[in-house]
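If you use mature numbering (1 follows the signal peptide of the UniProt record, and there is no 0), the sequence shown corresponds to residues -23 to -1, 1 to 270, in order.
Derived by calculation from the structure, the hints in this document are not laboratory data. Note that beta-carbon positions come from the ideal geometry of N, C-alpha and C, so glycine has one too. Among the hints, a few may not be true.
[What the hints assert, rightly or not] Computed list of lysine to any residue pairs in SDA-like fashion (alpha-carbon distance at most 25 angstroms, straight line):
| # | residue 1 | residue 2 |
| --- | --- | --- |
| 1 | Lys150 | Lys241 |
| 2 | Lys209 | Asp96 |
| 3 | Lys241 | Thr115 |
| 4 | Lys180 | Arg130 |
| 5 | Lys150 | Asp89 |
| 6 | Lys227 | Asn188 |
| 7 | Lys206 | Ala107 |
| 8 | Lys209 | Ala107 |
| 9 | Lys162 | Phe219 |
| 10 | Lys180 | Asp123 |
| 11 | Lys180 | Gly110 |
| 12 | Lys206 | Pro106 |
| 13 | Lys206 | Asp136 |
[As the list claims (entries may be wrong)] Each pair of labels, with its calculated beta carbon distance range:
| # | residue 1 | residue 2 | range |
| --- | --- | --- | --- |
| 14 | Asp131 | Glu165 | 45 to 53 angstroms |
| 15 | Asp121 | Lys214 | 23 to 31 angstroms |
| 16 | Ala213 | Asp123 | 36 to 44 angstroms |
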Amino acid sequence: MTMRTTFARVAVAATLVSLTACGGATPGPQPSANDRRYYDQYVALGDTYTAAPAVGTVSIDDVCVRSGINYPHLIARSLGSSLDDVSCTNAEVASLQDPQVVDQTTFPAQLDAVGPRTDLVTVGMGAAPAAIGAWFQTCPSLHDQDPTGSPCRDHFRHDDGDEVVTILRNGRKQLTASLNAIHKKAPEARVIVIGYPAIFPAKGDCPDAINLTPDDMRYAHSGLLYLNKTLKQAAAKGGAEFIDTYAATKGHDICAADPWIQGKKEELGVALSYSPHAEEQRAVADLVIRLLR
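With the hints as extra help, turn the sequences into a complete structure.
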């Protein structure tokens, strides 16, 4: 699924701060005496939910559409850390160890940013494009086939299992391998896996935001919970910590009165479709900072 559309080409130039294309941030205030450890070299790895495309008025580049006020930048400024944010819109778990091509631009494997001096790594990755495409593209396209049923769930579930579950299970194995690779490249680094927020409500529907039947909304919600379960398992097997962002964002899903997830209508400065708002990024940053301090 392409979540950038025209915003990648009209990304607003930095008007609040000056940031380099590689994601370097100006260090903020030094950590307080209460900090257990000073994290000097912070590397942020991730996909759309880390890059936070089109959030705010600051854009670092016009390809990954990485926000200058996404949670890695908020964390770095709070801790006074040097940041290398290599997250990218539409990245996938494979992008951790393999190059990613975006609009004919090739980006190095995200793990290339990790080195011996790296002492903090966050990994916001795991929702495979096939799974995201199922929830945000295929499911809405099937809605009219059975508006009162579950056309999406019926499409992906077969006698031998659920296609989306299989995709997410395979992603868990890839992520575990990448976490092990991070430890080899940066033996002293603290590694934190970031879970996904409450994207879907547990029940109900909201056709103005996403065209899912109530049954398929529950199906997507259960898939999201399973995704976070696989990330927690990968973190445990890969020697990393896990941040549960679902609990902290519950009540702010795509259908909520105060959503922190954008619906299908894109808004420059707010978010691309089906991607996080600034409030969600702030909540994630707060969770990480609380863990580190």
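Okay, the hints, checked on the actual structure:
Restraint check for Lys150 and Lys241: not satisfied, since their Cα atoms lie roughly 31 angstroms apart, outside the 25 angstroms limit. In summary, the hint linking Lys209 to Asp96 is supported, as the alpha carbons are separated by about 21 angstroms, within the 25 angstroms threshold. Annotation: proposed proximity of Lys241 to Thr115 holds, straight-line Cα distance about 13 angstroms (limit 25 angstroms). Taking the CA atoms of Lys180 and Arg130, the gap is near 15 angstroms; set against the 25 angstroms cutoff, the hint holds.
For the suggested pair Lys150 and Asp89, the alpha carbons sit about 20 angstroms apart, so the restraint of at most 25 angstroms is met. As the CA atoms of Lys227 and Asn188 are separated by approximately 20 angstroms, the hinted pair is consistent with the 25 angstroms bound. At roughly 18 angstroms between alpha-carbon atoms, Lys206 and Ala107 fall within 25 angstroms of each other, so this suggested pair holds. The hinted pair formed by Lys209 and Ala107 meets the criterion: a straight-line CA distance of about 20 angstroms does not exceed 25 angstroms.
With a CA separation close to 20 angstroms, the supplied pair Lys162 and Phe219 stays within the 25 angstroms bound. Pair hint Lys180 plus Asp123 holds up; C-alpha atoms about 17 angstroms apart against a cutoff of 25 angstroms. A hinted pair counts as satisfied when its Cα atoms are at most 25 angstroms apart, and Lys180 with Gly110 qualifies at roughly 20 angstroms. About 18 angstroms separates the Cα atoms of Lys206 and Pro106, which keeps this hinted pair within 25 angstroms; it holds.
Annotation: proposed proximity of Lys206 to Asp136 holds, straight-line Cα distance about 23 angstroms (limit 25 angstroms). In this structure the hint that Asp131 and Glu165 lie 45 to 53 angstroms apart at CB holds, the actual value being about 49 angstroms. For the hinted restraint 23 to 31 angstroms between Asp121 and Lys214, the CB-CB distance of approximately 42 angstroms leaves it violated. The hinted range of 36 to 44 angstroms is satisfied by Ala213 and Asp123, whose Cβ atoms lie roughly 39 angstroms apart.
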